[in-house]
Amino acid sequence: MASVPTAERVGVEEAAALLYREARLLDERRYDEWLDLFTEDGIYWLPIHTEGGDADPRSAISIIYDDAARRGERVFRALETPVLDQSPPSRTVHLVANVEIDRDGDAAPGDTRVHCVQSISEMRAGGPGQAGLNEPRTFAARCEYRLRREAGGLRIALKKVALLESDQPIYNLTFIV
Amino acid sequence: MAQHAVTSFAGLVDDENGDFRLHTDIYTDPAVFDAEMRLIFERTWVYLGHESEIAAPGDYRTTTIGRQPVVFTRHEDGEVHVLLNRCRHRGAVVCRLDSGHSNFFRCPYHSWVYQNDGTLVGVAQASGYPEDFDKAGHGLLRAPRVATYRGLIFASLAPDGPTLEEHLGPVRPYVDWWFDRSPTGTITMISPPHKYPYDANWKWQAENGADGYHGNYVHASWQKLLERAGEAPVKDIKRYREGGCTRGFPYGHGLLERPGGLNPAASWTGRMMAKYPDYAEALRGRFSDDDIDEISARRNIFIFPNAYLFDTHIRSIRPVAVDRTEVSLRVYALDGVPEALNEGRYRAHERFYGPSGFGSPDDIEIFLSCQTGLKADGIDWILMSRGLHREEAVDGELVGHSTDETPTRSIYREWKRLMQNGAGPARSAALTAGVSHG
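Here the protein sequences line up with chains A and B, keeping their order. When we follow my numbering, the leftmost residue of the first sequence carries the number 7, and every step to the right adds one. When we follow my numbering, the leftmost residue of the second sequence carries the number 5, and every step to the right adds one.
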């Protein structure tokens with residue numbers, strides 16, 4: 007990353023601040039504002055674990071591989087349509103930790119690669135005895151972000167969430183992870 | 005709850021006097037589930053996977069037939085074997101992984117080694133057994149019958165019964181047309197799959213894929229999303245969904261069908277042919293326009309008891325318990341089509357299906373709602389009679405309106421036929437004898 011002037015380098019504190027802000031927007035269900043965190047070409051990606059590492063998302067199936075248009079649909083769906091799987095809606099708590107800048111890994115020029123881990127707790131509350139509701143679940147994930155400095159501030163060019171159980175049967179993952 | 009007059013498994017499907025009702029116990033009674041595993045899953049043909057998943061000699065994948073752990077393999081001679089995943093010595097599974105490549109399976113307990121056709125080739129410290137120990141008689145047990153149809157691998161744990169081709173019967177032409185969307189008539193499965201579990205009975209998923217009645221309601225959100233994307237106004241989607249039909253077949257199969265044709269506005273295949281001239285040319289080189297009309301019809305085809313052929317994937321249903329099910333959605337490439345066409349299919353799949361899709365999770369919420377609601381078992385029966393008065397018998401199949409429960413009734417006619425082998429009253433305590441002698 008020698009081409010990036012030191013003053014413009016993204017430091018761990020600045021990166022963490024963005025990740026914490028993202029976590030809070032998601033936990034407050036401010037999904038429209040979450041959309042604004044991404045660059046126009048940004049990708050929101052939940053790969054499925056394979057022995058050989060990440061498959062090329064274009065020629066394989068991911069749990070989620072969202073470009074801007076698909077992210078917009080995801081948020082529209084959750085907030086503005088009569089959706090059953092988010093009715094009742096998910097409550098979430100995102101814990102972000104182990105934030106680390108990776109200056110050695112390959113990233114597009116100008117992008118900063120950031121690793122972190124997240125623990126995402128989720129629950130949907132309903133009437134007593136309803137299958138699928140009222141039970142808190144916790145998802146552990148190793149995450150990779152690529153951050154890019156744009157005119158309006160630091161933005162997300164990639165959010166990759168590698169869930170511990172990505173290759174296992176997963177029930178209702180329709181909140182924004 | 006009120007005592008009811010049902011005295012046998014078969015009596016749980018009431019298809020007499022011009023009615024069609026299913027008893028609540030079908031979805032909730034562990035004894036019924038146990039009988040289903042023995043009398044249906046361990047007898048009839050069960051779908052395991054596609055040949056392309058074990059393309060090379062040594063490839064294997066593990067799964068279950070009913071509750072029984074199995075591994076299916078490709079031997080060095082190219083043959084597919086389906087082996088019970090249980091060491092003949094003390095019973096440990098000889099393969100714990102999901103899939104992989106190995107010509108041998110070594111039991112982790114005492115290191116007995118089997119070839120991938122089941123042959124026992126090694127007994128550790130063999131001097132502990134007599135010299136004439138019958139190694140040949142202690143291979144991994146093979147499923148008595150294994151057969152493939154156009155690359156789809158099925159196995160039956162019953163030594164006799166209808167052949168796979170007899171079992172598929174009149175649903176075969178529809179399966180053929182489904183494959184013939186590929187100009188080479190073949191598919192290649194891609195990995196990894198989507199998987200989801202749900203805490204409800206396996207038959208909710210079996211019924212729902214060919215149910216054309218729920219879409220306007222359960223998927224109202226999806227229809228709004230398509231409208232927002234500029235793909236079609238909701239009123240047009242609803243009108244389109246009036247078209248097509250449902251079909252029911254012997255041996256429990258059924259399908260939901262939307263009209264095909266070359267009109268890009270009406271048919272996916274028509275759209276793809278317009279978008280990819282090479283694809284259009286390849287299909288036209290092999291098929292007449294009449295054939296293409298059939299090939300391009302969109303169909304969700306249920307193959308009893310556990311498989312669905314969908315436009316983007318093959319779905320398999322794995323019953324775990326009366327109120328627990330796991331479903332795998334394995335996406336395939338259509339062979340011989342432009343790469344961009346398949347890529348478009350993968351992105352379309354992710355949009356609707358899987359744990360984070362815009363369609364599947366809505367369906368699953370309904371399965372859970374049904375399982376919870378059926379705890380109100382003061383009502384004995386659920387209704388499965390929609391369209392019974394208007395479906396027509398045509399050439400060995402029943403054809404109903406696109407919103408009729410014709411395919412589901414086929415499931416339960418076969419269910420009843422197979423479950424008749426288990427006698428006895430339907431309540432748990434009384435069932436055991438009937439099941440074990442069934």
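Please keep in mind that the hints were generated in silico from the structure rather than gathered at the bench. Mixed in with the good hints there might be a few duds.
As the list claims (entries may be wrong) - Derived contacts from chain A toward chain B, CB cut-off under 10 Å, selection only: (1) Y71; (2) E86; (3) L101; (4) V123; (5) Q124; (6) S127.
Said to hold, decoys possible - Coverage of chain B stretches by chain A, computed from C-beta distances (three or more under 8 Å per stretch; other residues unrestricted): (7) 202 to 208; (8) 257 to 264; (9) 355 to 369; (10) 373 to 384.
Quick reminder that beta carbons are idealized off the backbone N, C-alpha and C, glycines included.
Minimum beta-carbon distance criterion (10 Å), S127/A to chain B | With Cβ-Cβ at 17 Å, over 10 Å, it is violated.
Could you check if E86/A really has its C-beta closer than 10 Å to a C-beta on chain B?
-> holds (8 Å)
Do three or more residues of the region 202 to 208 of chain B come closer than 8 Å to chain A, measuring C-beta to C-beta?
-> It holds, with 3 qualifying residues against the three required.
Against chain B, with CB atoms and a cut of 10 Å, does the hint on Q124/A hold up?
-> violated (16 Å)
Hint status (Cβ of Y71/A to nearest Cβ of chain B, threshold 10 Å) | holds (6 Å)
Against chain B, run the beta carbon of V123/A and see if the smallest gap drops under 10 Å.
-> Status violated, d = 20 Å.
L101/A as an interface hint toward chain B, with CB separation required under 10 Å = Interface hint status for L101/A: violated (21 Å vs cutoff 10 Å).
Verdict on chain A covering the region 373 to 384 of chain B, where coverage means 3 or more residues with a C-beta closer than 8 Å = With 4 residues close enough to chain A, the hint holds.
Check whether three or more residues of the region 355 to 369 of chain B sit with their beta carbon closer than 8 Å to a beta carbon of chain A.
-> holds (count 9)
Outcome, coverage hint (the region 257 to 264 of chain B, chain A; C-beta under 8 Å; three residues) = violated (count 0)
Violation of the numbered hints given earlier is confined to hints 3, 4, 5, 6, 8; the remaining hints are satisfied by the structure.
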